[in-house]
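Sequences are here, hints too, so could you generate the full structure?
Next come the chains, spelled out residue by residue.
Number of protein chains: 2
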Amino acid sequence: MRKVYVPGAGMTPFGVSGKTSMEMFAEASFAACEGSGIDPKEIQALFVGNVLGDFEEGQINMAAFLAAEMGLSPEVPAVRIENACASSTVAIRNAALLVASGVYDVVLVGGTERTTVMGTPLATRTFAMGSHCRYEEPSGITFPGIFGMAAHLYADRYSIPLETLKRQMALVAVKNHRNGARNPLAHFRKEITVETMLGSFMVSDPLQLYDCCPFSDGAAALILAAGARFRPRERKPVILSGVGQASAGSMCLQKDVTRSRAREASVRQAYRMAGIGPDDVDVCELHDCFTIAEILATEGLGFFEPGKGAVAVENGDTSLNGRIPVNPSGGLKAKGHPIGATGAAQAYEIVRQLRGECGDRQVEGATVGLVDTLGGEFGTVCNLVFSR
Amino acid sequence: MRKVYVPGAGMTPFGVSGKTSMEMFAEASFAACEGSGIDPKEIQALFVGNVLGDFEEGQINMAAFLAAEMGLSPEVPAVRIENACASSTVAIRNAALLVASGVYDVVLVGGTERTTVMGTPLATRTFAMGSHCRYEEPSGITFPGIFGMAAHLYADRYSIPLETLKRQMALVAVKNHRNGARNPLAHFRKEITVETMLGSFMVSDPLQLYDCCPFSDGAAALILAAGARFRPRERKPVILSGVGQASAGSMCLQKDVTRSRAREASVRQAYRMAGIGPDDVDVCELHDCFTIAEILATEGLGFFEPGKGAVAVENGDTSLNGRIPVNPSGGLKAKGHPIGATGAAQAYEIVRQLRGECGDRQVEGATVGLVDTLGGEFGTVCNLVFSR
Chain A
1 MRKVYVPGAG
11 MTPFGVSGKT
21 SMEMFAEASF
31 AACEGSGIDP
41 KEIQALFVGN
51 VLGDFEEGQI
61 NMAAFLAAEM
71 GLSPEVPAVR
81 IENACASSTV
91 AIRNAALLVA
101 SGVYDVVLVG
111 GTERTTVMGT
121 PLATRTFAMG
131 SHCRYEEPSG
141 ITFPGIFGMA
151 AHLYADRYSI
161 PLETLKRQMA
171 LVAVKNHRNG
181 ARNPLAHFRK
191 EITVETMLGS
201 FMVSDPLQLY
211 DCCPFSDGAA
221 ALILAAGARF
231 RPRERKPVIL
241 SGVGQASAGS
251 MCLQKDVTRS
261 RAREASVRQA
271 YRMAGIGPDD
281 VDVCELHDCF
291 TIAEILATEG
301 LGFFEPGKGA
311 VAVENGDTSL
321 NGRIPVNPSG
331 GLKAKGHPIG
341 ATGAAQAYEI
351 VRQLRGECGD
361 RQVEGATVGL
371 VDTLGGEFGT
381 VCNLVFSR
Chain P
1 MRKVYVPGAG
11 MTPFGVSGKT
21 SMEMFAEASF
31 AACEGSGIDP
41 KEIQALFVGN
51 VLGDFEEGQI
61 NMAAFLAAEM
71 GLSPEVPAVR
81 IENACASSTV
91 AIRNAALLVA
101 SGVYDVVLVG
111 GTERTTVMGT
121 PLATRTFAMG
131 SHCRYEEPSG
141 ITFPGIFGMA
151 AHLYADRYSI
161 PLETLKRQMA
171 LVAVKNHRNG
181 ARNPLAHFRK
191 EITVETMLGS
201 FMVSDPLQLY
211 DCCPFSDGAA
221 ALILAAGARF
231 RPRERKPVIL
241 SGVGQASAGS
251 MCLQKDVTRS
261 RAREASVRQA
271 YRMAGIGPDD
281 VDVCELHDCF
291 TIAEILATEG
301 LGFFEPGKGA
311 VAVENGDTSL
321 NGRIPVNPSG
331 GLKAKGHPIG
341 ATGAAQAYEI
351 VRQLRGECGD
361 RQVEGATVGL
371 VDTLGGEFGT
381 VCNLVFSR
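Protein chains in written order, with our numbering: chain A, 1 to 388; chain P, 1 to 388.
Hints are not guaranteed to be accurate.
[To be verified] Chain A side only, calculated, beta carbon under 7 Å to chain P, not exhaustive: (1) G58; (2) G130; (3) C133; (4) Q245; (5) G249; (6) R261.
What the hints contain is simulated information worked out from the structure, not anything from laboratory work. Only a predicted model underlies this, so the values are computations on that prediction, with no experimental measurement involved. We put the CB at the ideal spot given by N, CA and C, even for glycine.
In structure tokens:
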């Protein structure tokens, strides 16, 4: 397998955009090409993660239109990948494997989504299609409900008083909003306090408004390159050194939703491929769709023992200057969550962090970064390790 | 690149099914495993083509649920691919490249779709999302309209009287229904005559009812395998020897819709990789969503000169015993068109043909077969060459 370089990464602002998914993807893609030393004409394949282009904009087969409108050669195969919120992470994993194995030398990969046209209530309902249509959806449950139950189970399993856990979850949101305020591309750029958080309305007990990430519009893209003809411009270029992906079924197949077996299997693959362990990770972007989800993910990725993720937040272990800084971009919580673009945006942040380009949210000296994206409740987990 | 073997292929009956997309895919997949020498536990990755699981059944992230419900290991990455009608062909191409390059040794790949729950008028409207949402859909055009215009343009460009072309198009349908009547898995198993055809109601001038393929339910799947541990059971096993995929944009970017530049680019890639030319193809399954589409495809694939495809049907060149038998399965026209499963079903037919298992629709002595699938009007074309 060849070394996969990441010479370029681009991202649109996240938030409410008047642009189409395709316009946003093109914007992120040209930003990724800029300064990468790669001419768009060199791109040999396009992969785009997108979840609900049909519901949102009446568009299927988006990849082929994108390739043509961005001026790529008709010879270029363009593929749309959908694995719920993990769509673009899965796209990056597949693109990386095809570059590593020598099928392509230069690939454009990313994700795009326009969710705000629907409004949050309709988007929440529509997005519940990421649950199983036979075994889960008939119950009427949506994602806030699922993660609310996970929070209760977590509190119960580890004998944490619910009020303590709620305060710890609030600290996740406070941290991510603090980081997001330093990210010029974030959807929400204002800090919040534990009091604001605990005073906000109840969404799905015990999750309150600020425990939940927003739906956003946005796109992000990477250039992946390898091979004899590609020469990295930097002395220490960023490489994509490990990938993992695993699949779990509906919730009724999970033994314990506080421990995602898909995540544990996926990150094991990624660590093995990169030849590292959780202690080697300097910075992590993970799937904080709800505050409890961040806590569960930090445990699943091996940063903390099961049951110790919540108190780690209180200890500041996941803050910018903590033991393992988590979601310096603001995460889904503050940076925003344009579902099909989320994984690519996580990758964008890690690439920028490893390059030391993140200004006052920079994790000093970061050389190894991890991406973690969840697709559906617990159906898909995909991980990427970047290093420099 | 390693040789990619196809030790197994499975397919459900096409037509109106009471089963879900996932149930049908599992059925096709287990059929593909049966007799292949591959145990489902050996499967290292799953790729599934599906177009409108969300609109049809309220299901996204289908691949992860499928992997779990089929009992695959959680370690197995499961990916959904969507490129309109070419979804599963694109899935096969990507899976094949990952097997050829040594990333995986055993992969399960296919497609599934449940279209009949909507009914034809709604499905036609919904499926028009394969056109460009900004430049085409606002005109109100649907696929029958697009191919109706292509037929008029073809008649005009090659100075064929419209009545002559209509009779030639009718002969495409008559041939494909004749073949479909011999396919136990086909949606329509009855022969039709030119008279029935020309007496049927007008859908989109000059296309009448029998010029149009139906929407169907169904699934099809293949096992792809390679590597030192895999030993083919047959003396002359079927291999996937060439793949191609190309991308065109919306119709306004096409110089001439009677000649798909995406098809010409895609099939050139596939022929080059397989080391063959059009004259080496013994049997072809191609994208006859409308009768005119079959005529255009036979030209784009290089079987006939531009403008000569219609008269070739009249000459019997594309019949079972003709120079280049086209759509022995009955094609989309008679076998049916469960959009996300269509490409995998074309591949299924070619694999069975090369194995000599097609009974009274068998193309005698076929050793090289071609698959051609169109995604959207002309947006994606994907080709596969199988040989034995």
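Legend entry - Interface hint status, G249 (chain A) versus chain P (Cβ within 7 Å): holds, 3 Å
Legend entry - Interface restraint verdict for Q245 (chain A) against chain P (beta-carbon cut-off 7 Å): Holds. Min distance 4 Å.
Inset, instruction - Return the status of the interface hint for C133 (chain A): holds when the least beta-carbon distance to chain P is below 7 Å, violated otherwise. - result: holds, 4 Å
Inset, instruction - Classify the hint on R261 (chain A) as holds or violated, based on whether any CB of chain P lies nearer than 7 Å to its CB. - result: holds, 5 Å
Legend entry - Closest C-beta approach of G130 (chain A) to chain P relative to 7 Å, hint status: With a minimum Cβ separation of about 5 Å from chain P (threshold 7 Å), the hint on G130 (chain A) holds.
Legend entry - Given hint G58 (chain A) near chain P, where the shortest CB pair must fall under 7 Å: Nearest chain P Cβ about 5 Å off; hint holds.
In the structure shown, no violation is registered for any of the earlier numbered hints.
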